[in-house]
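Engineer: Listed below, chain by chain, are the residues.
Protein chains: 2
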Amino acid sequence: MTARNAFYAQSGGVTAVINASACGVIETARAHRDEIANVYAGRNGIIGALTEDLIDTSQETDADIAALRYTPSGAFGSCRYKLKGFDQNRAEYERLLEVFKAHDIGYFFYNGGGDSQDTSNKVAEFARAAGYPLTAVGIPKTVDNDLPITDNCPGFGSVAKYVAVSIREAGYDVASMAKTSTKVFVMEVMGRHAGWIAAAGGLAADKPGAAPHIILFPEIVFDETAFLAKVKASVDNFGYCAIVVSEGLRNADGKFVAEAGSRDAFGHAQLGGVGPVIAKLIKDQLGYKYHWAVADYLQRAARHIASKTDVEQAYALGRAAVEFALDGKNAVMPTIVRESDSPYQWRIGETALANVANVEKKMPAEYITEDGFGITEACRRYLAPLIQGEDYPPYIDGLPAYVELRNVAVPKKLGTTFQV
Amino acid sequence: MTARNAFYAQSGGVTAVINASACGVIETARAHRDEIANVYAGRNGIIGALTEDLIDTSQETDADIAALRYTPSGAFGSCRYKLKGFDQNRAEYERLLEVFKAHDIGYFFYNGGGDSQDTSNKVAEFARAAGYPLTAVGIPKTVDNDLPITDNCPGFGSVAKYVAVSIREAGYDVASMAKTSTKVFVMEVMGRHAGWIAAAGGLAADKPGAAPHIILFPEIVFDETAFLAKVKASVDNFGYCAIVVSEGLRNADGKFVAEAGSRDAFGHAQLGGVGPVIAKLIKDQLGYKYHWAVADYLQRAARHIASKTDVEQAYALGRAAVEFALDGKNAVMPTIVRESDSPYQWRIGETALANVANVEKKMPAEYITEDGFGITEACRRYLAPLIQGEDYPPYIDGLPAYVELRNVAVPKKLGTTFQV
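Going down the list, the sequences are from chains A and B.
Add 103 to the 1-based position in the first sequence for the numbering used here, that's all there is to it.
Add 103 to the 1-based position in the second sequence for the numbering used here, that's all there is to it.
It does not matter which identical chain is used: a pair holds within one copy or between any two.
Straight-line distance between alpha carbons at most 27 Å, and here's what the computed DSS-like set of lysine-lysine pairs gives:
| # | residue 1 | residue 2 |
| --- | --- | --- |
| 1 | Lys515 | Lys187 |
| 2 | Lys187 | Lys392 |
| 3 | Lys335 | Lys392 |
| 4 | Lys204 | Lys282 |
| 5 | Lys383 | Lys358 |
| 6 | Lys383 | Lys333 |
| 7 | Lys516 | Lys282 |
| 8 | Lys282 | Lys515 |
| 9 | Lys333 | Lys386 |
| 10 | Lys185 | Lys386 |
| 11 | Lys185 | Lys392 |
| 12 | Lys282 | Lys392 |
| 13 | Lys386 | Lys358 |
| 14 | Lys282 | Lys187 |
| 15 | Lys185 | Lys282 |
If you're looking for bench data, these hints aren't it; they were derived computationally from the structure.
Just chain A, same shape as in the assembly:
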């Protein structure tokens, strides 16, 4: 059998550990040079494939590839670009095969969320129908933790750890200040459709009275009266109130609270996120001095406080993807299978891409407490293992020594261009 090349691309919002999956893919491919000649990475994701802008990863040293394991972000560039269906844009699929043929790509590894798994599945189908020999394997990634079947999604555990650590630290801070100053702290976190990230904040509340005292989920319609009563009770009982709010919080009309908050004199929606809206509501109604934070990209990029479990799983899924491909498994995705909660034991499983594509895993109702402001013990059992362990990057001069790859382009072979 002649070795063929592999294509690897990163898709959608990047995470603290997507490069750990890339590391798993490339290191495993390098260990099987008889079957995989080279890994070509798409520059800026699938766009790199469409425009024949491929990165020759063989130009990177083993040390630099190893450093991907502790480097956040997408080392080859990612993109927000969803391939349409065959009927809407067949030309994109034809172009992909044209590029793959030109560069003898026999393996397609696509590292992303639900949309990306759908794309991988379509690419596999298209190649099969076209008679082009291609093995397509998806690699899960999303901080939103919303893929079905897999126990969790790489990237989520590290965001979860960041959020839990941060709200614990801020909670300690506010508790110190509450007597004469700030009594309420609001931390806005990601998760527009699902409350997994907000829920992770609840891990910090390991005893009665500990922060966070309230979590606001996108799954629960915002009940202002009940919320304010709970804030007041927290301040009365514990002296302060620490709140984690999901950016996706909605009111009874189904509108994002961030947008419903207020409009300026020109009718423009409020600039701020939901964090400041909630903070100001508390100030207006209860009079407490407040502070708020919006973590935004800091939370998903925070490799310095990544979960060791998350890093290990991200790497293992990248490795498994290559192993699956070498076993001839097509149109599949490796998954994490949980075997026990405590101690947390897991193994790699697999599922057909068709099972994953475009299915969104929501928070189960039994993970949210009856009052809608906290997480249950069942939720804690699910989440707790995912933030276990620290996996610090190396530091130089007080800063994490993240790698930047050379990202040398593969010479183009096609005379044609493609407009994306």
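Following the hints, put chain B in place on chain A, whose structure we already have.
Structural biologist: Just chain B now, with coordinates in the frame of chain A:
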């Protein structure tokens, strides 16, 4: 000589390492029980002294006191409460002496910023004038880094490290996404009057093109035209632009840009901070997709990424304060004296409280680049040592195992109350 008691209190905004100073005070006092019988901490700072609400630190185990070294926030509670001058409120000073006499307090340790050093100095003067034997020693603390004489202020180095690490990580993230999505990232940091914290972000930019590309200082009047040109140049040259903005950024009228941004239909100032205002300006004028973060308390509470240098200095200053007091030094503050930049060598020095009280150390002009958007090599030489080294807290179940003290009250001896 009969051993007398010490009073210790934390003042103003807390930090990631103020408890390390408390640890230095208490551990050193415990090593000199023949001279210092017990350390009484003020519950919620100086308010605890005024209201005779003292915490008996002898009730804490050695292990719990040792754990203060890695626990952020103020373990005994802090307060925002400035003692007035003698002429305006002599009753406060009389009350302090009344409480100190009742509890045989011979040593006064006050851990705070410029205001607190002023308070310590006044307490020392008042006791001397009243003929009450009291040794008052200040301990520096402030994330703002604005105390004179000392090389830097405990708390600052850790915020500096947090800001530099965070903007590096977010910069990597945005670089990955910039091709098809977010091109501009704005991170708002603390520092209403001085740009030290914003400047620290510049440490992450260790090579041409690295984030942050722009720093907005409170010392430099916001020049919208020059700023937008620089944002555009950064996107043109590097594909993206990462910005650190101080909350204290002002426009040519001297108004905070955060407030000048816009007002809602009722004339209320915009809720958000300066971060979202700057981000929206870029969107409106240049059209780039943006994200923004406001770190707020997360930055000063982030003990998980504290600077080892900062922790060591905070502890050493607490220890030195006790040693100074035992040497009979009154109305002084231990300082950090820098002996060399690289390798960073420092020792403990001392200064009279009168030299520190109410003097604000600004960023020198030569620390800001000529265009006003970056830091100079001189600034980098000053800042770089302060973020050196990591000093991770212990973790349990994936979260930092910070200590909560028992904080048992000392029985009151006075029948009187005091209204603060």
